[in-house]
Amino acid sequence: MHLFIEHLTKSYDEKKVLDISRLEIDSGCFWGIIGPNGSGKSTLLKIISSLTAPCQSRILYDGLPLNDRLLLDMTLVFQKPYLLRTSVFQNIAYPLQLRHVSSRQLKEQVEEMLTRFQIEHLRDQKAWTLSGGEAQKVALARALVFKPRLIMLDEPTANIDPTSILLLEKQIRIHYETYRPTVLMVTHNLQQTKRMCDQVAFLHEGTLQDAGPLEKVFGGHAHPLVHSFIQQGLI
Amino acid sequence: MDNLLQGTRDAVHLLISMDPEFLEIVGLSLFVSLTATFLAGIVAIPFGLTIGIKEFPGKKMLVRLIYTLMSMPPVVIGLVIFLLLLRSGPLGRFRLNFTPTAMIIAQFCLVTPIITGVVFNGTKERGSEIRDLAKTLGASPSQTLWLLIRELRINIMSAVVTGYGRAISEVGAVMVVGGNIRGHTRVMTTTIAMLRNMGEYSLAIATGIVLLLISFIINSLLYHWQQER
Chain A
1 MHLFIEHLTK
11 SYDEKKVLDI
21 SRLEIDSGCF
31 WGIIGPNGSG
41 KSTLLKIISS
51 LTAPCQSRIL
61 YDGLPLNDRL
71 LLDMTLVFQK
81 PYLLRTSVFQ
91 NIAYPLQLRH
101 VSSRQLKEQV
111 EEMLTRFQIE
121 HLRDQKAWTL
131 SGGEAQKVAL
141 ARALVFKPRL
151 IMLDEPTANI
161 DPTSILLLEK
171 QIRIHYETYR
181 PTVLMVTHNL
191 QQTKRMCDQV
201 AFLHEGTLQD
211 AGPLEKVFGG
221 HAHPLVHSFI
231 QQGLI
Chain B
1 MDNLLQGTRD
11 AVHLLISMDP
21 EFLEIVGLSL
31 FVSLTATFLA
41 GIVAIPFGLT
51 IGIKEFPGKK
61 MLVRLIYTLM
71 SMPPVVIGLV
81 IFLLLLRSGP
91 LGRFRLNFTP
101 TAMIIAQFCL
111 VTPIITGVVF
121 NGTKERGSEI
131 RDLAKTLGAS
141 PSQTLWLLIR
151 ELRINIMSAV
161 VTGYGRAISE
171 VGAVMVVGGN
181 IRGHTRVMTT
191 TIAMLRNMGE
201 YSLAIATGIV
211 LLLISFIINS
221 LLYHWQQER
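Protein sequence lines, in the order shown, are assigned to chains A and B. Numbering (full-length UniProt numbering) for the first sequence: 1 to 235. Numbering (full-length UniProt numbering) for the second sequence: 1 to 229.
Do not rely on the hints blindly, as some may be mistaken.
What the simulated footprint calls covered on chain A by chain B, stretch by stretch (three residues with Cβ under 8 Å from a Cβ of chain B suffice, anywhere in the stretch; the number is not a length) [claimed, not checked]:
id, region
1, 32-43
2, 193-204
Here are the simulated DSS-like cross-link-like pairs (lysine-lysine), alpha carbons at most 27 Å apart as the crow flies [to be verified]:
id, chain 1, residue 1, chain 2, residue 2
3, A, Lys147, B, Lys60
4, A, Lys147, A, Lys126
5, A, Lys107, B, Lys124
6, B, Lys59, A, Lys170
7, A, Lys16, B, Lys60
8, A, Lys107, A, Lys126
9, A, Lys194, A, Lys126
10, B, Lys60, B, Lys124
11, B, Lys60, B, Lys135
12, A, Lys194, A, Lys216
13, A, Lys15, A, Lys107
14, B, Lys59, A, Lys147
15, A, Lys147, A, Lys194
16, A, Lys147, A, Lys107
17, A, Lys147, A, Lys216
18, B, Lys124, A, Lys147
19, A, Lys15, B, Lys59
20, B, Lys59, B, Lys124
21, A, Lys194, A, Lys170
22, A, Lys80, A, Lys216
23, A, Lys170, B, Lys60
24, A, Lys126, B, Lys59
25, A, Lys194, B, Lys60
26, B, Lys124, A, Lys126
27, A, Lys216, B, Lys54
28, B, Lys60, A, Lys107
29, A, Lys16, B, Lys54
30, B, Lys135, A, Lys80
Derived from the structure by calculation, the hints contain no laboratory data. Each residue gets a CB set at the ideal place from its N, CA and C atoms; glycine is no exception.
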């Protein structure tokens, strides 16, 4: 899904938290959204996914303003995912049920996700009994199962163990290479950005400081702020 | 103490004897309170969910009003409904005073703020999270509402049980609008009040025990259903 964002502003109690004059995201690109805490990264994802209303904006999805049809083609995975009070299987099946997928296809697709995320053994377990890492795997499996064309990930691997991080990264990347959705991933992890993303947007205090291919943003001619934050280990 | 023991014996006797008049009182009590709770639930559950997840001007004032109405004395609600339904009142043409319908209306007004308030409290904790999840997975507004109900079912069930408990146990409102007319608007609580006035303490206790027993059975059924889900 192609995204075009223009004149995007968001304020909370008179404080401007986001002010992006222009950002264009090509269809099928994997973007990393980076920046220090409070730079507006999560707010940007929430605005794109229409969970938060901007003060002002012009956002076009495949050249169109947001509509119900487009909403069915996108998803956002939160840092602390909310799992439904039911089994792991039912959690992953939920978006397919919303789309009235036949029960045979539903079962096949959910089983595939359980295998891919190595959580087959948790199939019938109640979601509230899962560990943080397991819950994040279920949330990602649930977000990918219906193959959205725009996937937004808000720090999807924060606070989970290194083995699970590698598995999640691998599955996200496999999914991306197989179906070529547009991916926007907020992360604090510079190494992860380099492993996963092709394009990067760097936000600071709500404004877009730099955006473009990985090698441009992190290369020899990196923006001074980006360079400074990398040096200080803030991203 | 003698009255309590005698009351317990009478309660057993009342249950075994299946006295038609007593059964009618029990039946009407259940009919009035369950209908009022059911109707209040239809209004209050979506209302509580909506104010729990939406931000709008005047929300704080509305919540304060709901909390205030939650502790409204039943007799006051009964009086207001009675005055509204009085022949010379604005709804007098319906001639509903001293009918089970008037009792249902009074209990509906009593229970609606309670269910709304309890549902609101549960929704403000997790409601936004559930709504956001539904939206990010492509749920329509009606699918989102259904998901909210499903996810907050324990809280909603508590709200309904609390509301029902309030309805079945109150005496003031049904006494004012119903009038405790034998064979017509007499329910268990008004029977207890009447028996107490007549000095029939053990029979009043017996009716109270039966009332408690019925409440226990209904709550157990609801609790069991909630666990099953």
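Status of each hint after checking the structure:
no.	hint	result
1	32-43	violated (count 0)
2	193-204	violated (count 0)
3	A:Lys147 with B:Lys60	violated, 41 Å
4	A:Lys147 with A:Lys126	holds, 24 Å
5	A:Lys107 with B:Lys124	violated, 34 Å
6	B:Lys59 with A:Lys170	violated, 46 Å
7	A:Lys16 with B:Lys60	holds, 25 Å
8	A:Lys107 with A:Lys126	holds, 18 Å
9	A:Lys194 with A:Lys126	violated, 35 Å
10	B:Lys60 with B:Lys124	holds, 13 Å
11	B:Lys60 with B:Lys135	holds, 25 Å
12	A:Lys194 with A:Lys216	holds, 12 Å
13	A:Lys15 with A:Lys107	violated, 47 Å
14	B:Lys59 with A:Lys147	violated, 38 Å
15	A:Lys147 with A:Lys194	holds, 24 Å
16	A:Lys147 with A:Lys107	holds, 15 Å
17	A:Lys147 with A:Lys216	violated, 30 Å
18	B:Lys124 with A:Lys147	violated, 31 Å
19	A:Lys15 with B:Lys59	holds, 23 Å
20	B:Lys59 with B:Lys124	holds, 12 Å
21	A:Lys194 with A:Lys170	holds, 13 Å
22	A:Lys80 with A:Lys216	violated, 31 Å
23	A:Lys170 with B:Lys60	violated, 47 Å
24	A:Lys126 with B:Lys59	violated, 35 Å
25	A:Lys194 with B:Lys60	violated, 47 Å
26	B:Lys124 with A:Lys126	holds, 24 Å
27	A:Lys216 with B:Lys54	violated, 43 Å
28	B:Lys60 with A:Lys107	violated, 45 Å
29	A:Lys16 with B:Lys54	holds, 23 Å
30	B:Lys135 with A:Lys80	holds, 16 Å
Going down the numbered hints, you'll see the structure goes against 1, 2, 3, 5, 6, 9, 13, 14, 17, 18, 22, 23, 24, 25, 27 and 28, while the others check out.
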